[in-house]
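Protein chains in written order, with this note's numbering: chain A, 1 to 410; chain B, 1 to 410; chain C, 1 to 410; chain D, 1 to 410.
One should not assume that every hint holds.
[To be verified] Here are the computed lysine-lysine pairs in the BS3-like style, where the Cα-Cα straight-line distance is at most 25 Å: (1) D:K395 x A:K387; (2) B:K234 x B:K289; (3) B:K341 x A:K285; (4) B:K294 x D:K387; (5) B:K395 x A:K294; (6) D:K395 x D:K137; (7) D:K395 x A:K301; (8) A:K289 x B:K395; (9) B:K301 x A:K341; (10) C:K289 x D:K341; (11) A:K301 x B:K395; (12) B:K395 x A:K280; (13) A:K405 x A:K341; (14) A:K387 x B:K301; (15) B:K395 x A:K285; (16) D:K280 x C:K289; (17) D:K280 x C:K294; (18) A:K301 x D:K301; (19) C:K294 x B:K301; (20) A:K318 x B:K289; (21) C:K301 x B:K294; (22) B:K234 x D:K301; (23) A:K234 x C:K137; (24) D:K280 x C:K395; (25) A:K289 x B:K341; (26) B:K301 x D:K294; (27) A:K387 x B:K289; (28) B:K137 x D:K294; (29) B:K289 x A:K341; (30) C:K387 x B:K387; (31) C:K111 x A:K387; (32) D:K285 x C:K341; (33) C:K137 x B:K387; (34) C:K395 x D:K294; (35) B:K285 x A:K341; (36) D:K285 x C:K294; (37) A:K395 x D:K285; (38) B:K289 x A:K234; (39) B:K234 x A:K289; (40) D:K294 x C:K234.
What the hints contain is simulated information worked out from the structure, not anything from laboratory work.
There are 4 protein chains.
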Amino acid sequence: MTDTIIKIDLNQSAYDNDSVHNRWHPDIPMVSTVKPGDDFIIECYDWTGGQIKNNDNAEDIRDVDLTQVHFLSGPVAIDGAQPGDLLEVDILDIGTFAEQQWGFNGFFSKKNGGGFLTDRFPEAQKSIWDFNGIYTKSRHVPGVEFAGILHPGLIGCLPSRDMLDTWNQREKELFDTNPDREPALACLPYADTAHMGRMQGDAKAAAAAEGARTVPPREHGGNCDIKDLTRGAKIYFPVYVDGAGLSVGDLHFSQGDGEITFCGAIEMAGWIHLRVNLIKDGMSKYQVKNPIFKPSPLVPKYDDYLIFEGISVDDTGKQHYLDTSLAYQQACMNAINYLTKFGYSEAQGYAIIGCAPIQGHISGVVDIPNSCATLWLPTDIFEFDIKPSADGPVKHLDGSVNIPKAADLD
Amino acid sequence: MTDTIIKIDLNQSAYDNDSVHNRWHPDIPMVSTVKPGDDFIIECYDWTGGQIKNNDNAEDIRDVDLTQVHFLSGPVAIDGAQPGDLLEVDILDIGTFAEQQWGFNGFFSKKNGGGFLTDRFPEAQKSIWDFNGIYTKSRHVPGVEFAGILHPGLIGCLPSRDMLDTWNQREKELFDTNPDREPALACLPYADTAHMGRMQGDAKAAAAAEGARTVPPREHGGNCDIKDLTRGAKIYFPVYVDGAGLSVGDLHFSQGDGEITFCGAIEMAGWIHLRVNLIKDGMSKYQVKNPIFKPSPLVPKYDDYLIFEGISVDDTGKQHYLDTSLAYQQACMNAINYLTKFGYSEAQGYAIIGCAPIQGHISGVVDIPNSCATLWLPTDIFEFDIKPSADGPVKHLDGSVNIPKAADLD
Amino acid sequence: MTDTIIKIDLNQSAYDNDSVHNRWHPDIPMVSTVKPGDDFIIECYDWTGGQIKNNDNAEDIRDVDLTQVHFLSGPVAIDGAQPGDLLEVDILDIGTFAEQQWGFNGFFSKKNGGGFLTDRFPEAQKSIWDFNGIYTKSRHVPGVEFAGILHPGLIGCLPSRDMLDTWNQREKELFDTNPDREPALACLPYADTAHMGRMQGDAKAAAAAEGARTVPPREHGGNCDIKDLTRGAKIYFPVYVDGAGLSVGDLHFSQGDGEITFCGAIEMAGWIHLRVNLIKDGMSKYQVKNPIFKPSPLVPKYDDYLIFEGISVDDTGKQHYLDTSLAYQQACMNAINYLTKFGYSEAQGYAIIGCAPIQGHISGVVDIPNSCATLWLPTDIFEFDIKPSADGPVKHLDGSVNIPKAADLD
Amino acid sequence: MTDTIIKIDLNQSAYDNDSVHNRWHPDIPMVSTVKPGDDFIIECYDWTGGQIKNNDNAEDIRDVDLTQVHFLSGPVAIDGAQPGDLLEVDILDIGTFAEQQWGFNGFFSKKNGGGFLTDRFPEAQKSIWDFNGIYTKSRHVPGVEFAGILHPGLIGCLPSRDMLDTWNQREKELFDTNPDREPALACLPYADTAHMGRMQGDAKAAAAAEGARTVPPREHGGNCDIKDLTRGAKIYFPVYVDGAGLSVGDLHFSQGDGEITFCGAIEMAGWIHLRVNLIKDGMSKYQVKNPIFKPSPLVPKYDDYLIFEGISVDDTGKQHYLDTSLAYQQACMNAINYLTKFGYSEAQGYAIIGCAPIQGHISGVVDIPNSCATLWLPTDIFEFDIKPSADGPVKHLDGSVNIPKAADLD
């Protein structure tokens, strides 16, 4: 029976679990040690540490404290790992807890985090997704069911001191170009809500003041939110400190490319089963800066798609220069508009392309001045036919069900 | 036997073929008329109209006249098509000419067009790819062979007058923000090299002066360079003028997502077999702004990948805000660096990810301040194993072969 | 939390669990009742009820009592199900027990059950396969690891009295054509080891004497051993008795088409999560005699194959007439012979094609007098390259490890 | 431009083309010589040599002279090939003739060849399939269109003298067990209609009297009718004579596993583009008896299936022992019965599963006494939804169109 080296209690605050942390810092103490070739299980809180409940009220999404995220389990030391190595991680499996067979998707308020389409969806909304074995569906989004592509949104090794300094410096420089912007340009260190694992006293206070926030993906991987890091995938992580210090969290039951709603996957608590090995000096052998990975042989096959194009002209008609994010936003909006013709609300359309295993492709990035991005919407996840026809669309939903919304408090 | 409604002669200048044009304008006369349900064949020049030769000298790439591109075959009128309709186009097949079993890939000089990684590859380079049935390989890029995913880089219907005006206005506004930039921010109308099909005299001159350049993708589709519009795909195009006016060109034998080298596919002359139908009033029925499409059942299956991540921090270490193009550039460079460890030159690596059926995914776009993009490199296209291992990479190429380069004329 | 409606105890004899049975009979009492739309979990013994142990000795395979198999969990009544309906069963998930992370594959002795290639492998052999999340590998078969395609080997509804009589009659007629054959032509009712669930006394004795053995697949499905009935699949079962009476067992972690070693999958104890619905009068509506099913979206993708052909000429050179089983035997032997060139023993080769997700295709069945069958061996499950090359094969295994064998007694 | 080394003229009798033959014999003279590494094109008659016409009358199917088949193009000598080598053949492409954009599928009369379900379909019937680029559909089978999986039904190298003798002897022995059977148990040599290529005079007469018929697949491959030998596949053929002597013919536009209607594919004339290489002494290096192959990366993806099971109990209710052919027949009939519920005639159902890219899997071959075979019917080839539902099937076809039939002449 495989060892569970980190356990959590869903009824206990994540702050009270000293095998958990929510900042990146080289000095966070290891909580367990394993050897190359070992496999082991790690339990994880959902990324918010339990702030979001299974109900029909979006106020918890509106009021979420984003300075607390993400609660990660770890760091785990790997015997013999040294800076410059590649840590090979096999994701052997990922699962849910029997007592918590649901996850959540949210749109954050524009005033508290926002999201990819925050101008169109400025207020907090929440949908709850029930798990039925490999499948999920939501009482807030009728007519759609799909197999999950379970993955950790966030996984990576501890940064070195130099790397931490680099991160903090470059992000601060960006932040300072527009410090009053909402949402902010970057999330800077914030000691008040830092959970530094087993650090104590002054050392903890010092580290909390400079610990990098977990929000962005960085050289070590981190919060990449890549749906394809699913069970069965093999990842090669750069190692920056002795022992590597692998941490993981932010498990998702499913997600589309881009994790566009920000709270964008179907977020869940659960466990992950890993196996680790080392490629000594692998970073220079293969000239690796960011993680590389091999996809899993066990991925939900939804390969009949309807594909939406978007170009980098914004809603006001203004031309932008090769802005691929904008092109993808336009493709997302085209897909949402299309889905409304079958009876979905715009918010339901947004939730679908955030949660379902859609693909987002960078289709053209050189044909000045327009980038072209495509959103691949799988058609087999719907209970009805969504393909175009000469007869026009049929409204399958009567609008009686929608996604709960919570108005901003002024 | 299916009718070939537009023929070309590879030994004749594209300017002398009046079923060809290289600008978008609502007044370009239709050159053929078909009915809904018809299928027909159209022959196409390569996008440059034959400027590039099958040799080992990149001067033609350096000296290419980009004001001439793209030479499109059409426009074809569809009986009964009216503004607001959707034109359903089945790409039944695409083929090469028996007498021209090769295509080219180029990196343009930074002074003449550039490309996605033009700062790293500022000078003109060219590789020639031979076709062997469904496969292609290049004498300039040893060790790699793959099945083509043939597609038109450019296809769409004529714009209306209003749409043309919108295009010209918004692109001019962008251009004017930095008119001296090299490469330019946008390609504005340019009458000298305009080919307006069968237009004559003053009408032609007037249209040439305002005809939109074919470079960017726009609402009508156009130069989307989406590799997935391959034979077997079905596309729904917005119609803006009576008769629709479908034009097509810029055929590719293969291409990766992004068409990153700009002359980025394996460019070829050839023919395309199409079938058309109409969804009357389909634009409002389905709220369609840009084309939508269904992928083909006949796509080369290369689904064992090695996947490279990139984030939006540039080579100088500067942090950018959710810049997905930059993230994808970084992923591209990570892939190129990796390939050099097996003996490829950087230019060969660049050509491979430009030509082979790689995927470019928008993996994370909300985790401020970093976008995360992934480049999916198929491993089965290589004659040797490129996966990481504890033993480290093996150099399979000795560097004796490289991609011809032509130095800029100062 | 989903209800587990049938529980088992691995430390208790299957005979002592009255929610289990090992014969088919219309009078076996239902052990639980569910409603259309319900989902529920059922625990299952391995098919032998625990006769096989995790060790390196094949005597338990040699001495297995095949009159006891298969131990099925059920029958479950579905409210409202009537003869003539179709019972729609979604396999929502299948899992292993945390305390039993292994399964077994066996070749039975030719004197006790035999197998598809029993003339070549006449003595009992056993390999143990360890589960590592979604993957499995065996200490007895080095160099191969693959993701499981978990499925129930045996699932279906209770037969009616008429159907039971039909089964018994036709199988007895076949048996009587050669009653002394070894292995037998058919497994006839056998009361001594019958487990009739909750039946008692005379009723039990009478039913045990005529209860159909569970070995063959029949009209109701039953022991189909179809690897594609994996988690995520949807099956439509004919209903023959009021309440349907769904039973399930013989869970497999993985198996190739044909289940050729007879004890042919990686056999395991575990649980299965099901959801049921009804299509009233579906048998006549769709003219259904045997079950039909839709495959799962979540199937291990091993689609780089080496494919072996076989024709219906036997090892002595004798020509048989369109004998597809023989053609497939020949394809199997060709694959085994091929694998020996890389260092595998013949028994290891046999175990691999029995356990791994190989495909067996009926490729030609009309070209008299030879049937042609093909065995599709996935190449990505091996740690080394098994494709042919001009250099010839490399022996990766030194023969020091083999599959335990138990010689027949006298 | 690739050389076409064998040309045909559709208006000329195949007997008048001396680069064609219709028997296997070691002495048939080579018609062309190529070197390892070469690629070349070979043109092929349809298998009947043009006996079947594009019309709505099945008399040509009824009256076909099956002693003439198959007309093969070749043999081609490969420089340096010797007995014991493996000939590696890449199928680079396969195509149709522009002037013959159609193929045929037939059910032969039970009195003249028959087919897999000849007892249910005893009389001659014919459907014509039009080619539209990569797609095909038939005026005799409405509501279905699919992408072709083009392949040679028949390809292989010349047998040695010993192998020829073996073939003739074993097939004669089988034939003699029931010489009056209709259809015959085997097709024995038949000189009258033999086409021995460039052989002349007495040598020709002697060879014609003993030349093996081309109907069955044998050790060299031959008439395997494996749909997966499509363009892009790589095959390793055993070599038995100096120069190998590769011949090919019987091109198919599409076919299901089993080629069940016997004239069972969509039969066509066309061309095939091949590349050859040698693995010296490959037969013993890899212990190869029959050809082995790697599938193509370019295969039509129809992977949403409805799957039908069959077991080895015949229509009279008689139990057979592990008869996989019978199990597949039952699965075929179950699929045909199902399709009739949507309005298809039984003959149309039979044609669909013969022509479309269905899969036939050997699902269980050890569960005595029943074999279990499955037929995988792709659902996406139909214009309407054929999946089961609680509402029952909808008749989409009104029965006004059927497949032409020609009654047997008494």
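Check your understanding: K301 (chain B) and K294 (chain D): Cα distance at most 25 Å?
Key -> holds, 13 Å
Review point. Quick one, are K395 (chain D) and K301 (chain A) close enough, alpha carbons at most 25 Å?
Key: violated, 30 Å
**Study point:** Pairwise hint evaluation, K341 (chain B) against K289 (chain A), where the allowed Cα distance is 25 Å at most
**Key:** holds, 14 Å
Check your understanding: Are the Cα atoms of K395 (chain D) and K137 (chain D) separated by 25 Å or less?
Key -> holds, 20 Å
**Study point:** Straight-line alpha-carbon gap K387 (chain A) to K289 (chain B), limit 25 Å
**Key:** holds, 16 Å
Review point. Taking 25 Å as the top limit, are the C-alpha atoms of K280 (chain D) and K395 (chain C) close enough?
Key: Within the cut-off at roughly 18 Å; holds.
Practice item. For the pair supplied as a hint, K111 (chain C) and K387 (chain A), confirm whether the alpha-carbon distance does not exceed 25 Å. Key: With a Cα-Cα distance of about 58 Å, the restraint between K111 (chain C) and K387 (chain A) is violated, given a limit of 25 Å.
Check your understanding: Taking 25 Å as the top limit, are the C-alpha atoms of K294 (chain B) and K387 (chain D) close enough?
Key -> holds, 21 Å
Review point. Is K318 (chain A) close enough to K289 (chain B), meaning Cα to Cα at most 25 Å?
Key: At roughly 15 Å apart (the allowed maximum being 25 Å), K289 (chain B) and K318 (chain A) satisfy the hint.
Practice item. Would you check the hint for K294 (chain D) and K234 (chain C), treating anything up to 25 Å between C-alpha atoms as holding? Key: Distance ~31 Å between K294 (chain D) and K234 (chain C) Cα, so the pair is violated.
Review point. Is K285 (chain D) within 25 Å of K294 (chain C), Cα to Cα?
Key: Roughly 42 Å between the alpha carbons, so the hint for K285 (chain D) and K294 (chain C) is violated.
**Study point:** Restraint status (C-alpha distance of K234 (chain A) to K137 (chain C) at most 25 Å)
**Key:** It holds: about 17 Å lies between the C-alpha atoms, which stays within 25 Å.
The structure is inconsistent with the numbered hints 7, 9, 11, 16, 17, 31, 36, 37, 38, 39 and 40, although it conforms to all the rest.
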